[in-house]
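Engineer: When you get a sec, could you build the whole thing from the sequences and use the hints?
So the sequence shown is residues 1 to 66, counted in the UniProt record's numbering.
Where hints are given, some of them may not hold.
To be verified - The calculated DMTMM-like cross-link candidates involving lysine to aspartate or glutamate, where the alpha carbons are at most 20 Å apart (straight line), are:
no., residue 1, residue 2
1, K13, D3
2, K38, E23
3, K10, D39
4, K10, E23
5, K10, E46
6, K38, D3
7, K38, D6
8, K10, E51
9, K10, D36
10, K13, D36
11, K10, D20
12, K38, D20
Claimed, not checked - DEER-style ranges, computed between Cβ atoms:
no., residue 1, residue 2, range
13, P65, D29, 27 to 37 Å
14, G62, T41, 16 to 26 Å
15, A17, D50, 32 to 42 Å
Keep in mind that the hints were calculated from the coordinates and are not lab data.
Note that the structure is predicted; figures quoted are calculated from it, not measured.
The C-beta atom is built at its ideal place from N, Cα and C for all residues, glycine as well.
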Amino acid sequence: MMDRYDNWRKSTKSGSATPDCVEVAFGHDGAVGVRDTKDRTGPLLEFTVDEWATFVGRVQSGAFPV
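Structural biologist: Following this line, the structure appears as structure tokens:
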């Protein structure tokens, strides 16, 4: 499952000194993968593009206290 994603990235706000981050990558089939940088070979979350867009929109609107 991990090989369906390339170009994992994390927020530039995370900085290199912060090991506790999540990374996001877009799959060749349109899926969006999210993984923990502490365990890059461990389990990951997968979303459709629509689910990911909804989640990001809700975060940006302040719907979640982050």
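Engineer: Identify every previously stated hint that the structure contradicts and give their numbers, smallest first.
Structural biologist: Violated hints (numbers, rising): 1 and 14; every other hint is consistent with the structure.
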